[in-house]
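Same order as they appear, the protein sequences are chains V and G.
This note's numbering runs 350 ahead of the 1-based position in the first sequence.
This note's numbering runs 57 ahead of the 1-based position in the second sequence.
It should be emphasised that the hints constitute simulated quantities derived from the structure, not laboratory data.
Don't be surprised by glycine CBs; every beta carbon is placed ideally from N, CA and C.
Be a bit skeptical, because a hint or two may be false.
Claimed, not checked - Among chain V residues calculated to face chain G with C-beta under 7 Å, some are:
(1) M383
(2) T388
(3) A395
(4) A396
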Amino acid sequence: MAPPLRVLLAKLGLDTHTVGVTVIAHALRDAGMEVIFTGLKQTAAAVAATAIQEDVDVVGVSSLSAAHMRHIPELARLLREQGGADKLLIVGGVVPEEDQASLHEAGVARIFTMGASTQEIIDYLNDWRRQRDAAASV
Amino acid sequence: MTARGMADRVLAREVAAGARLIRWLEDDDPRGAEVLAQLYPHTGRARVVGITGSPGAGKSTLAGMLIGELRRRGRRVGVVAVDPSSPFTGGAVLGDRVRMQQHAADPDVFIRSMGSRGQHGGLARASFDALLVLDAMGYDTILVETVGVGQEEIEIVSLADTTLIVAVPGLGDEVQAIKAGLMEAGDIFVLNKADREGASQAQRQLELALHLRTQHQPEGGWIPPVIPAVASKCEGAAAVVDALDAHAQSLADTDALKGRRAARAYAVFLKLLRDAATRRLLDAALARPDAAVLIEAVRDLTLDPHAAAQRLVARLELAAP
Numbered sequence: 351m352a353p354p355l356r357v358l359l360a361k362l363g364l365d366t367h368t369v370g371v372t373v374i375a376h377a378l379r380d381a382g383m384e385v386i387f388t389g390l391k392q393t394a395a396a397v398a399a400t401a402i403q404e405d406v407d408v409v410g411v412s413s414l415s416a417a418h419m420r421h422i423p424e425l426a427r428l429l430r431e432q433g434g435a436d437k438l439l440i441v442g443g444v445v446p447e448e449d450q451a452s453l454h455e456a457g458v459a460r461i462f463t464m465g466a467s468t469q470e471i472i473d474y475l476n477d478w479r480r481q482r483d484a485a486a487s488v
Numbered sequence: 058m059t060a061r062g063m064a065d066r067v068l069a070r071e072v073a074a075g076a077r078l079i080r081w082l083e084d085d086d087p088r089g090a091e092v093l094a095q096l097y098p099h100t101g102r103a104r105v106v107g108i109t110g111s112p113g114a115g116k117s118t119l120a121g122m123l124i125g126e127l128r129r130r131g132r133r134v135g136v137v138a139v140d141p142s143s144p145f146t147g148g149a150v151l152g153d154r155v156r157m158q159q160h161a162a163d164p165d166v167f168i169r170s171m172g173s174r175g176q177h178g179g180l181a182r183a184s185f186d187a188l189l190v191l192d193a194m195g196y197d198t199i200l201v202e203t204v205g206v207g208q209e210e211i212e213i214v215s216l217a218d219t220t221l222i223v224a225v226p227g228l229g230d231e232v233q234a235i236k237a238g239l240m241e242a243g244d245i246f247v248l249n250k251a252d253r254e255g256a257s258q259a260q261r262q263l264e265l266a267l268h269l270r271t272q273h274q275p276e277g278g279w280i281p282p283v284i285p286a287v288a289s290k291c292e293g294a295a296a297v298v299d300a301l302d303a304h305a306q307s308l309a310d311t312d313a314l315k316g317r318r319a320a321r322a323y324a325v326f327l328k329l330l331r332d333a334a335t336r337r338l339l340d341a342a343l344a345r346p347d348a349a350v351l352i353e354a355v356r357d358l359t360l361d362p363h364a365a366a367q368r369l370v371a372r373l374e375l376a377a378p
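Same shape as in the complex, but just chain V:
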């Protein structure tokens, strides 16, 4: 069996909505992944350091308080600077369409908004892993 994908789920800033991130944590675990949760009220620096120390494959930011533009580009930059450029950065929650392009530009690979199913996220992560591993083996 292939070793499990490691996923960090993070909450940045003052956003204290935890229902979505908890549901996703359990769904990813049941899909065979190792899920690490940062807890609430994290700074971008703490999340980046955590992602590096834990050597996760994926960093997922749950954002429901409209502060995504403040924290997520900074997180993307810190990850790149600290040797985590190979990690997949994704966002889930409430992100208005007009912000999505600039988040993608900052380094966010995918944004899951309201209505995305956990299965959609799992399939996306498994596909990403397959492609990454295929690229690494050539």
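Based on these hints, arrange chain G on the given structure of chain V.
This is chain G only, laid out in the frame that chain V set:
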């Protein structure tokens, strides 16, 4: 990247390199063992403290508190926190870290969460390897938090220089809650949540049990202390770290550290040998042409599993020495 190059980056304390090396080791990537062999001569400086106890005793919160106190004393701290993996899917929610996250951005703290990935005994297969990596990266004190089972995580005892057991009042019989093996093996007992009712009674019970354990030991031997603490309020941190230091001193004075570390290395060797030997023999047995017939008979319920296993083993030829 060559093994030497990776080892140099780890020795230069490059966090991303150390973290990736631990990943290789836990994923059984062959590059991991190669780099570890290079690092091994640079290990042995760190003090390894195992933290174990029942689920909910407050191991992670205590670890978080100890990180803070150790940092106040200028030590660099590594943490390996193990949580159970699902035996069905292999997945896990690794939640210990949440209680230590206030130290996440401190460059002198390295926290690593691990799924137990099918191992019993409260640790992951790569826990020992992770210790070596953190040791080589110059972390002075390494805390290893086991899965909270309370009854069988004896493995930490063979891995740690100092075993710290976390108990809580109000479980009825506190000494019972800490099963025999741990009661005999703990070097330091922390009575957490000591602001709760029944704390002083629990303290007396633990002390009595420890007195019974240590009354026949030679003069000057280590008497495990029972230290009250309230980890959620950071109460008792200094006393616990003082006790860790006193135990380290005692190990150094009595030359017991060498013995513990020799036993640790041997235990790890034995485990690796057992795993590798089992895997090889199993592969060889299952690859035999006659294995399929026996397996078929077992699945048909016409041959009993004992007889099938014994027949197959008897036919294996072990390589001559």
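Results of checking the hints against the structure:
{"no.": "1", "hint": "M383", "in the structure": "holds, 5 Å"}
{"no.": "2", "hint": "T388", "in the structure": "holds, 6 Å"}
{"no.": "3", "hint": "A395", "in the structure": "holds, 5 Å"}
{"no.": "4", "hint": "A396", "in the structure": "holds, 4 Å"}
Hint check: no violations occur; every hint is consistent with the structure.
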